[in-house]
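**Q** Chain residues, written in single-letter form:
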Amino acid sequence: MVAKTMGTEVSGLEEFESIVRVLRFFAATRNYSFLDRIGNALNPETVEVALRDALRTFSSIYDASPADEKGLKYYEYEEGRRIRLPAKPSEGEVAAFLRAVWQDVGVARRVAIMAMSVPAREER
Amino acid sequence: MGVVTFLSVGVRFEANVEALNMVEVSGNYARHRRVPYVITEGGRLKVVYVPAVSGESIAHGYQVALAEEAKALGLPVCSYCSIGEFLKSMDEEHAAEKFDGKVPKLSGRSKKEELVSVVGEIESGIVRKCVVEDVGGFLYAGNPPVKRTSRFMVSYALPIKSVATYATLEPQLHARHARTAGERREGAAEQMIYYVETGTAVYGFTFNLDFAGVGVSSYSGRALVDDVKKRRLAAARALYRVLSSQGFGAKLSRFLPGGGAVAMVATLTERPFTVTSPIYDGFAESTRERLERVKATFGEKGYYFEMGKDGLKTPEDVLSAVIETLKKEGTI
Ligand SMILES: [Zn+2]
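Chains G and Z are the protein sequences, given in the same order. 92 is the number that the numbering used here gives to position 92 of the first sequence; each next residue is one higher, with no gaps. 404 is the number that the numbering used here gives to position 280 of the second sequence; each next residue is one higher, with no gaps.
To be clear, the hints were calculated from the coordinates, so they are not data collected in a lab. Hints should not be assumed to be uniformly reliable.
Pairwise CB distance ranges (calculated) [what the hints assert, rightly or not]:
no., chain 1, residue 1, chain 2, residue 2, range
1, G, R30, Z, G225, 35 to 41 Å
2, G, D104, Z, S231, 56 to 62 Å
3, G, R30, Z, G384, 20 to 26 Å
4, Z, K226, G, R81, 28 to 34 Å
5, G, R99, Z, G384, 58 to 64 Å
6, G, A67, Z, Q315, 22 to 28 Å
7, G, G71, Z, E148, 25 to 31 Å
8, Z, A265, G, M116, 24 to 30 Å
9, Z, G384, G, R81, 45 to 51 Å
Over the 12 Å line for every Cβ pair with chain Z, so calculated as not near, a few chain G residues [unchecked claim]:
no., residue
10, E15
11, S33
12, R52
13, A67
14, Y74
15, E76
16, R81
17, K88
18, G92
19, Q103
The beta-carbon is built from N, C-alpha and C at its ideal position, and this holds for glycine as well.
Construct the entire structure; sequences and hints are all you get.
**A** See below:
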C-alpha cells in the first residue's frame, strides 16, 4: 500500500498545481483550516466538502480584491503585508483532482503537503 | 445506599430554520457548522455532511443561565462571568478580583508541599468567588498553573441518525441598508447583501451534570464552600432554564429556531451514568434497560424520567420531576 503512493505518483502532482497554489495562499495567510481538512481526510467526501469550502472562500477574496494596472490581484492579509493572489483553478483541474482523489485519497494528503512546502521555482 | 449526585439528560429537539452555530465568515457568506457523519444506506456505510451545533455553543448558553440563576439565589459570580464572558481565571489579571489583587504565587525555590498548598489556595479562592467557575471549571495559566475540570459535560447536537439525510443547509439572502440621504459615504452601496447558512434538522444531544463535584476541590476532594446545596440547586435550575427556553446558539436575535424539544429522558444516579445518545432510535428504552442493569449490578439507587410517560407531558415536567427528586433525596 505504502509503496504504491510513493515514487512515480508524486511527480504526477504537477497537474494539480493551481490547487496547490490556492492552498499555498491559505497557508501563507495562516488560514490552515482547509489545508488541514484536505490533508487529514480519510475519505473522498471529506476532500470534496473541504475543497468546495476552500474555493468558496477563495472566490470571495479573489472577487473582492482590486487588480493593479497589470491586472494582477493582491490581498492585504495584515497591516502592510500583501500577497499576490494565484488564479482560480480551472474546472478541468478541479475535476481531474477530484477524480484522482476518488481513486486514491492519498493524493489529497500529498497536495496538502506540497502546499506547505517552499515552491521550487518562482511562480508565475 | 448513597445519595443520587449524577444527572444525565438526553434531548431531541426539532429546529426549523436556524443558524445556531456559525463558523467561518468569508466575505458576505456566513457558514453553518457542519460535521461528517457516518450513516448506513442500503446496507453500506456512507459519509454525509450534516448541520451541527458544537457542545461549546450549548455550554456557553448553559453558563449564561448558570450565572443568572446563581445571582438570583444570592450566590457569588465574578464580574466577567456575570456578563457572559467566560474567560474564567485564565491568567493573573483575570484571577485578580478573586484575591483582592494578590493571586498566591510560588516563592521561587519551591518545594512540593508549597506547590500543593498554593495550588489548593488558588482553586479554593476562585471556587469561592465564582459559581460559574466552580461548576464549569477553569484553567489558570499562571505560576503555578491550576486546572479545574468542568462538573458538566455536553455533547455536540447532531441530527438524529434515522433522518440525518433529511437535514438541510441552505444559504439565505439578507440585505442590510446603508443611509441613502445626506452623508452617504462614497462608494457605499445602498444595500449590502449577505448570506447566512441556515440549518434544519431534528437534533439530539446529551448533557451530564456531576453534583458530587460542585464546591469540592479537584485536588483534595474536600468541600471548599458551605453553600454546596444551594450551588447545586443553581446548577440544576440553570439546566431547566436553558432547556426550557432553548437559550443557546449563535444569532438567536433573528434566527430563533422554530420547533422545540420532541423527546427527553433524564436519569439520576449515585455514580456516573450517561443516557443512551438521543441520536439513536430507541434511546429511551435503551437507557431504561441499561439503568436497570446498573442498579442491579451495583446495588445503587437510580431514577428514570421520560417525557410522555408517567404524567410527564412536557420537557418542563421532566426537569421539575428531576429537581423534586433531588430535593427529596437531599442532594440540593
Ligand atoms: Zn467567573
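**Q** Hint by hint, where does the structure go against what was stated? Just the numbers, ascending.
**A** 3, 4, 5, 11 and 12
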